[in-house]
Structure formats: C-alpha cells, structure tokens
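There are 2 protein chains.
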Amino acid sequence: MVAEFTMHHRITYYECDETGHPTLATAIAMLILASDNENTATGVGQAASAAYGGGWVIVNYAGKLGEQQAKVDEEVVLRTRVRAYNRFFVVRDFWIESLSGTVYMQVTGMFVFMSLTKRKLIAIPQSMIDGFSLAPTKRLPRLEKPAEVTEWQGAFSREYRVRYFDIDSNRHVNNAHYFDWMEDPLGADFLKAHRVRKFRLAFDHEVRYGQTVTSTCMVDETTTGIVTHHLIRVGEHECARATIDWQEN
Amino acid sequence: MVAEFTMHHRITYYECDETGHPTLATAIAMLILASDNENTATGVGQAASAAYGGGWVIVNYAGKLGEQQAKVDEEVVLRTRVRAYNRFFVVRDFWIESLSGTVYMQVTGMFVFMSLTKRKLIAIPQSMIDGFSLAPTKRLPRLEKPAEVTEWQGAFSREYRVRYFDIDSNRHVNNAHYFDWMEDPLGADFLKAHRVRKFRLAFDHEVRYGQTVTSTCMVDETTTGIVTHHLIRVGEHECARATIDWQEN
Numbered sequence: 003m004v005a006e007f008t009m010h011h012r013i014t015y016y017e018c019d020e021t022g023h024p025t026l027a028t029a030i031a032m033l034i035l036a037s038d039n040e041n042t043a044t045g046v047g048q049a050a051s052a053a054y055g056g057g058w059v060i061v062n063y064a065g066k067l068g069e070q071q072a073k074v075d076e077e078v079v080l081r082t083r084v085r086a087y088n089r090f091f092v093v094r095d096f097w098i099e100s101l102s103g104t105v106y107m108q109v110t111g112m113f114v115f116m117s118l119t120k121r122k123l124i125a126i127p128q129s130m131i132d133g134f135s136l137a138p139t140k141r142l143p144r145l146e147k148p149a150e151v152t153e154w155q156g157a158f159s160r161e162y163r164v165r166y167f168d169i170d171s172n173r174h175v176n177n178a179h180y181f182d183w184m185e186d187p188l189g190a191d192f193l194k195a196h197r198v199r200k201f202r203l204a205f206d207h208e209v210r211y212g213q214t215v216t217s218t219c220m221v222d223e224t225t226t227g228i229v230t231h232h233l234i235r236v237g238e239h240e241c242a243r244a245t246i247d248w249q250e251n
Numbered sequence: 003m004v005a006e007f008t009m010h011h012r013i014t015y016y017e018c019d020e021t022g023h024p025t026l027a028t029a030i031a032m033l034i035l036a037s038d039n040e041n042t043a044t045g046v047g048q049a050a051s052a053a054y055g056g057g058w059v060i061v062n063y064a065g066k067l068g069e070q071q072a073k074v075d076e077e078v079v080l081r082t083r084v085r086a087y088n089r090f091f092v093v094r095d096f097w098i099e100s101l102s103g104t105v106y107m108q109v110t111g112m113f114v115f116m117s118l119t120k121r122k123l124i125a126i127p128q129s130m131i132d133g134f135s136l137a138p139t140k141r142l143p144r145l146e147k148p149a150e151v152t153e154w155q156g157a158f159s160r161e162y163r164v165r166y167f168d169i170d171s172n173r174h175v176n177n178a179h180y181f182d183w184m185e186d187p188l189g190a191d192f193l194k195a196h197r198v199r200k201f202r203l204a205f206d207h208e209v210r211y212g213q214t215v216t217s218t219c220m221v222d223e224t225t226t227g228i229v230t231h232h233l234i235r236v237g238e239h240e241c242a243r244a245t246i247d248w249q250e251n
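Residue numbers (my numbering), protein chains in the order written: chain A, 3 to 251; chain B, 3 to 251.
None of these hints come from the bench; they were simulated from the model.
Ideal Cβ placement from N, Cα and C applies to all residues, glycine included.
A portion of the hints provided could be inaccurate.
Unchecked claim - From the structure, some residues in chain A lie toward chain B, with a derived Cβ separation under 8 Å: (1) Tyr16; (2) Thr25; (3) Phe167; (4) Ser171; (5) Arg173; (6) Asp182; (7) Ala190; (8) Tyr211.
What the hints assert, rightly or not - Across the chosen pairs, the derived CB separations fall in these ranges: (9) A/Phe90 - B/Glu150: 57 to 67 Å; (10) A/Glu6 - B/Glu223: 52 to 62 Å; (11) A/Leu142 - B/Lys73: 30 to 40 Å; (12) B/Glu161 - A/Phe158: 13 to 23 Å; (13) B/Thr42 - A/Gln70: 14 to 24 Å; (14) A/Glu146 - B/Glu150: 51 to 61 Å; (15) A/Thr139 - B/Val229: 49 to 59 Å; (16) B/Gly227 - A/Leu142: 47 to 57 Å.
Unchecked claim - Listed below are the simulated SDA-like cross-link pairs for lysine to any residue, each with C-alpha atoms no more than 25 Å apart in a straight line: (17) A/Lys194 - B/Gly47; (18) B/Lys73 - A/His174; (19) B/Lys194 - A/His174; (20) B/Lys200 - A/Arg165; (21) A/Lys73 - B/Tyr15; (22) B/Lys73 - A/Arg165; (23) A/Lys73 - B/Arg165; (24) A/Lys194 - B/Ser117.
Isolated chain A (complex conformation) (with noise of 0.2 Å):
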C-alpha cells in the first residue's frame, strides 16, 4: 500500500495574482509544502536528512493544469505521493484539488539526495527508503522535458537579482521562484490574457542569494496553441530551461 499524504489549504489572496487564482509559482510552493510534511510525518523530513547531510533536491518538474482553477479564499486539497524510486532518484505525484475532487493541477517531479557538504549526488539512504513503504523500481518513469530549443529567434531576456527573501526556511533559493522569473518577462498583457495548461521544468544549477539571473524567453505560436520557451542562466551559466504550454483566457 502507497502511503499518500493529504492535507487541506486555504489559498490566500497574496497567494493569487491579479486574476484570483494561485501563481504557478505559489502552486508549486503549496505542493512542495505538502511533501515536507508528508516527508517530516515518515521521517525522512528535514530533521533526518541533516542528520544525513544531506537534502531533497529538485530535478525536473512536468505538470498539467485543469480547465478550472483554484480561487482566492478556497479550501484547497493538496495530495502526494512517491511513484517509484530507485538508489538515487524519487518520482513523487502533487494534487491540487478541490474539496469535491475536481484535479486542478497534477505535478510529477524527480527528486535526489544530495550531500550538502559535499553538493554531491548521493545515495538515498536506506532508512529514508524504509519510509516510503514501497518497493524500488527497476526502470523509473521519465518525466517529459522541456523541448530541445537550440534558436532563440526572437527571444526577449529580464534580469533578477536573487534577494534575501528569496531564500526560505529550507536555506536555499525557493525553486519556485524560477517560475516567476521565467513568467514575468512575458508582460502583464500576455499573463491576463492567457493561463498555463502545461509546463515542463529542468534545473540544472542552483542559484544563489545575490546573484544575477537573466530569464530569456521566446514565444512561439503554434497551430495547436502558444508555447513559451525559458532559459534561466547566470552569466552563460545554464541554471533551468522550461516549456510552458498556454490557453487564452
């Protein structure tokens, strides 16, 4: 049996942008919120993995959002699960859905065990293996990637100093605010006029308090919709690179 992990939320309105729904950036926020508790009530939270030296670290993110979303001031359901595992990685599933079950958003993202003295790759330890009350898995599940984009015709860049309250209680950059720098370039105009139905999200490098970020952008409007690019690098550091799929409003 796969333990899963449920928890209630109210999203508040500094939680929503101007069109009363959660920022992607705020969604993700809220999920990995439910993780660190799921992970905290199994013992492999925070307090375990220090005595590790180690902590959770995001790889890629790939999510789909539903034709409803979330509004300001609604008790929310946030879920979680891990998938599978094997030595070195995790694929863990985020809901967020509401209280009568409609699935706004459904996240699948791959995490490691890094060292945090050494900022190395390390082996999941056993004992945090055991709290997944699951068998490991001989071939994970991939996560779809952000496209191949090797022309960057037309892209347009924003830069974004990292500030002290980037950082969170976890001590490092919140990833989620890779989706807010990837986001606000693309203009208050185009974020009014569209949603996200899809995104894919790759980290390569973490980025650090007081460095410069610059997002580049490049939307492409296709036959079958619009589809945004987002490169995240400091200097010619690639840091994450995404593909977001939009609907209009």
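Here the structure of chain A is known, so what remains is to put chain B in place on it, guided by the hints.
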C-alpha cells in the same frame, strides 16, 4: 461591543526566511488577510467597497514585535478589530499570537477609503460604518510616524522593478512588498544577525507595475540599539518612508 475577528493560520515554509520565522512582509500580509476576512464577514469587504467604486487603502503602520517569534509550521492566531474611526479614517489593531496567547506582533494601521475611479479620498459610506458596530471617535488615536530624516549620510540604495507577481488578487501592488524592498538592501549578514523589534511605515504614493523603485537605507547605531531609516521612491517621487528598530539575535 467592539466586533473582533479571529482566525487561525498555519505558517508555511515559504512564508519564512532563512531564520525560520515569518518575514515582516509576510506577517503584514497575514494581518491584512485577517482584516480582509473581517471586512467580508461584516459586509464592508471588497465586494461592498466595489459597489461604492472604492477600496480601503493603508496610510501608515506602526508595529511592535515580541521577544519570541512564530516559527515555520506553527499555527498562529490572527486577531483584528477596528479601534476607532471618523468620516475619513479607520484605525485598526492587529495581533499575531501563539495558540497560548503569546503576542508575537502588534500592529496598528490607519486606512482611508479611496474612490478607485477618481483616485481620491472619499468619506466612508454610512452602510460600511454600520458594519463596524462602534460609535465614531472625535479624536482619532495618532500612530507613531517614521522619524523625520533630513540628512541621509552614509545611505545606500538598491533598485527594484515592480514585477507582475507583486500585484495580488486585490489588483494592486501588495503593500507588504514595501517591507521586502526596504529590508533587502541591508543584506543577508545584517538580516541574519538582527531582528525587527519595532517599525513605523507611512505610505505616500502607490507604486505601479513596471515602475522601478529606489530603496534607500541608512543605518543608525544609537546608544539604545540599531535603527534603520528607509525611503522608497520612484524617480524623485517619495512613495513610502519607514523607521525600523532592531535587536541583535
């Protein structure tokens, strides 16, 4: 009998900074959440305001923080009530407390009712005053104002572009962001080593999406402790001013 509004809120990891405590900006956002909810409950909220073509706008805040502060994952009590009002101004008290009644933060705020079409102050509609269940006050309590600083010697500045996601579901730049803009230039070393004990912030002009604000700070080490002075400007236009008293951690 003065109506008082109470709600519970569990503090998320993304509402806290590296110290594991809520940021000043988030604490303010939480308090406004409580007053938004009270306003809605007593029929003077967003929907009612909109019917008069108006909205509540903050003029200034004065707050005190306790020796102990709320922590990540803690369930806190948010309390608010209207302390006094006249035709044009409402003075509102706010508290963040632990479940056992420890006061983490006490804030008083003065609000006006603005015509959103004419962008000017208007008399508070009688039907909204009725919602307060309180007699009007002849002499409104005065909030402590930020210090009058004329010499900004040794001051330093940073620029912040107002981003799309700085606008919340109330369709304005969330006023809590001013605290982030004011504190961030002090830098991580200062912010990790000190905590806020007292603050006074006065708003003058609203900042808008796409503008770039200049946040100027001056650190003043007095015999009784460290005081910082803050100015938020757009060009030469003053938008907000604050004084913050700090204590070493």
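Status of each hint after checking the structure:
1. Tyr16: A/Tyr16 check passes; min Cβ-Cβ to chain B is 4 Å, inside 8 Å.
2. Thr25: Holds, about 5 Å.
3. Phe167: holds, 5 Å
4. Ser171: holds, 4 Å
5. Arg173: holds, 5 Å
6. Asp182: Holds, because the Cβ-Cβ distance from A/Asp182 to chain B comes to roughly 5 Å (cut-off 8 Å).
7. Ala190: holds, 5 Å
8. Tyr211: At about 6 Å, which falls below the 8 Å cut-off, the nearest Cβ of chain B leaves the hint on A/Tyr211 intact, so it holds.
9. A/Phe90 - B/Glu150: 57 to 67 Å: holds, 60 Å
10. A/Glu6 - B/Glu223: 52 to 62 Å: holds, 53 Å
11. A/Leu142 - B/Lys73: 30 to 40 Å: Holds - the Cβ-Cβ distance for A/Leu142 and B/Lys73, about 36 Å, lies within 30 to 40 Å.
12. B/Glu161 - A/Phe158: 13 to 23 Å: holds, 20 Å
13. B/Thr42 - A/Gln70: 14 to 24 Å: The hint (14 to 24 Å, Cβ to Cβ) holds, given that B/Thr42 and A/Gln70 are roughly 22 Å apart.
14. A/Glu146 - B/Glu150: 51 to 61 Å: Holds - the Cβ-Cβ distance for A/Glu146 and B/Glu150, about 58 Å, lies within 51 to 61 Å.
15. A/Thr139 - B/Val229: 49 to 59 Å: The hint (49 to 59 Å, Cβ to Cβ) holds, given that A/Thr139 and B/Val229 are roughly 58 Å apart.
16. B/Gly227 - A/Leu142: 47 to 57 Å: holds, 55 Å
17. A/Lys194 - B/Gly47: holds, 24 Å
18. B/Lys73 - A/His174: Satisfied, since the Cα-Cα distance of roughly 17 Å is no more than 25 Å.
19. B/Lys194 - A/His174: holds, 14 Å
20. B/Lys200 - A/Arg165: holds, 23 Å
21. A/Lys73 - B/Tyr15: holds, 21 Å
22. B/Lys73 - A/Arg165: Holds, at roughly 21 Å.
23. A/Lys73 - B/Arg165: holds, 21 Å
24. A/Lys194 - B/Ser117: holds, 24 Å
Of the numbered hints stated above, none is contradicted by the structure.
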